[in-house]
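K.L.:
Quick mapping for you: the protein sequence lines, in order, are chains A and B.
Residues in the first sequence are numbered consecutively from 1, following this note's numbering.
Residues in the second sequence are numbered consecutively from 1, following this note's numbering.
Treat the hints with caution; some may be incorrect.
[What the hints assert, rightly or not] Per the computed footprint, the stretches of chain B lying under chain A, defined by three or more beta-carbons under 8 Å from a beta-carbon of chain A, are:
1) 63–70
2) 228–241
3) 271–283
In short, the hints are calculated from the structure, not lab data.
The beta carbon of each residue, even a glycine, is placed where N, CA and C say it ideally should be.
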Amino acid sequence: MMLDSPNFLRLWACLLPLWLAPLAARATPASTPVPDAIEAEVSENFFHIEPGYNGSSIVLFGSVDRDKLRGKPFDVAVTVRGPVNPITVWKKGRHAGLWINSESLAFEAVPNFYAVLSTKPAGEIAPLEERKAHGIGLEALALRPRDTNSAAAPEEFQQALIRLKQSSGLFLEQSKGAIEFLGSRLFRAHVYLPASAGAGLYRAEFYIYQNGKIVGETGADIQLSKVGIEHQLSAGAHDFPWLYGAAAVIIAALTGGGASLVFRKT
Amino acid sequence: MHVYLPIADIPVNLLLMLALGGIVGFLSGMFGVGGGFLMTPMLIFAGVPSAVAVATGANPLIASSITGTIAQYRRKNVDVKLGLYLLAGGAAGALLGVQIVSLLRRAGQFDLAVSLLYVVFMSVVGGIMFIESLRAITSQQGSKPQSARRREQRGWVHALPFRTRFKASKLYISALPPIGLGILVGLLSGVMGVGGGFVMVPILIYVLRVPTSLAIGTSLFQVIFVSAITTVLQAVWNHTVDIALAAMLMVGGVLGAQAGAAAGQRLRAEQLRLLLAILVLGVGLRLLADLFVPAGIYSLSRGAS
C-alpha cells in the first residue's frame, strides 16, 4: 500500500468541517486523547527466516493529523519490540586471578529486540515516570527483575543488560533523523532487525506526545517465522529429539562412508 | 554467502564454515589424530554459542572418523576388541558428560568449564607436540632416540585384575584401564565436543603400550561411536545439535581429510606438526587470556535459572 499526497488532500478536505468545529466550540487541554490523531503501518507484517536469512529491514510509516492536534507542536515516538523472554545477567568476580561468573540476576520480561525511534530524545519528550507505562526509551523499560538476595543493585544488572544488548545491535534508541517527515503529515522510519533477533512475534507501537502526554497511539504486529527447512529442523530438534539426533548421526555416517567410496576409486 | 543456522539462531558465513571443517579435516587427514579439539574453540571464536558449538562439534567427527577407520581397517590397524572395551567406558562417560553440561549451563559456569578444560588440554597437547616436533627436527641428522624401552616397563596397569587378551594389539592386560580410559574420553566428548583422540592415542601408546599404528586406528574406531552417542544425547538432553552447521563442517571435513592425507605423504610432517603445535598453543593462550582479562564483566544467558 502506498500513501500518496492526493489521497491525503482528499482526506484533509473531508475532515475540514471536523477541524473547524472544535475551534468554534471550546479550548480543551492539549493532553486530552485525540482519536485517530495518528495512523500508521509497517512495510510488511510477515517476515520469513529462510536459509539465506540475514536480518530484515522494516519500514514504518504513518501520518499525523495536524488538524486534530489543532496545529500545536507534537512529538512522535515509535517502538519496535519482540519476543519477550526471561534472561539472566551474570557478573564475573575475581577468584584466584580468574574471572568467574559469581553473581546473577534474572529478568522475567526482556524483549529480545527493542528499538525506540523518536523526533526528539525520549527524555525531552516526556518525563521518565510518564514513559514507564509504555516503555518508551531504554531507561523506561520494565524488565521485571526477580527478587534477589544479591548485594548488588538490580539497576547495575539492568544497565549491564541494556549495554550488552545495545552493543549487539538488539537494543537501540535513536532520535536525530530517526523519524523523517515527508511533508507535514506523512512520516517514515526505518528499523533494521538483526538476524540474531530471532523468530517470534514483534510489535510496532506509534505514539503522539503533546506537552509530555500521550494523545494518540496505534500499533501493528510483525511476525518473524522460520519457514521450510529452517522450521522443520528447529521444530524437529525440540519435538522429536531422538529422531533428530539419529538423523544427525545417519547424515554424518553417510557422508563419511560416501567419502571413502568416492575417494577410494580416484 | 550466509546460512542461517536453525538451532544456533545466527547466520554464519558458508565459506568460513566449509574452511573451518576443511582445516580440521586436513589436520586429521595428515596426522591421523583428531583435530576435533580445534573445532569447538574455533566455532566459539566465530560467534556460535558455546552450547551449540560443543554439541555440534562431535557430529562431523562421525564422518571423518568413519573415513579414517575404513582406511585404517584396510591396513589391519584396528583392534576391534580393544575398541569395544573403550567404547563401553566411552558410552558411560558420554552419558555423564552430557548431563554435566546441562548442570553447568544451569549454574552459569559452562563457558568457564569449557574454557578451563580447553586451556589445560591444549597447553598439554600443544606443549608435548611442540617439544616432540622440535626434537624430531633437531635429531633428524642423528640416529633415532630410544624406543626399545617401552615394552620392558611393567607399570601399575599390569597389576590390575580382570586380565583380558587383546590379540591384535598383542596385549594381555586388565580390562579396567581401557574401560576407565573410555570413560575419560567419553566425558571429554560430552563436555568439550571433541572426539578425544588427542588424549586417547598418547595414553594407549604410553600407558597401555598399544603399538602406535593400532592406537590411531582403534582410537578412530571408537571415536565413531562415542561421537554418535554424544550427538544423540546432546540432541535429546540439550537440543543444541545444529544439523545445518554440522553438514557444512562435515563437507569441508571430508574434503580436507583427503587433501591432508595426500599432503601428508609429500610434505615434511615434523615441520607441519610444529605449526600445528603453535596453532594449538595459540588457541589455548587466547582462551587463557579471556579467563584473566575478560572482554566484559557482565554476560547474558537465556532463561531464568
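K.L.:
Can you list which hints this structure breaks, lowest number first?
P.N.:
3
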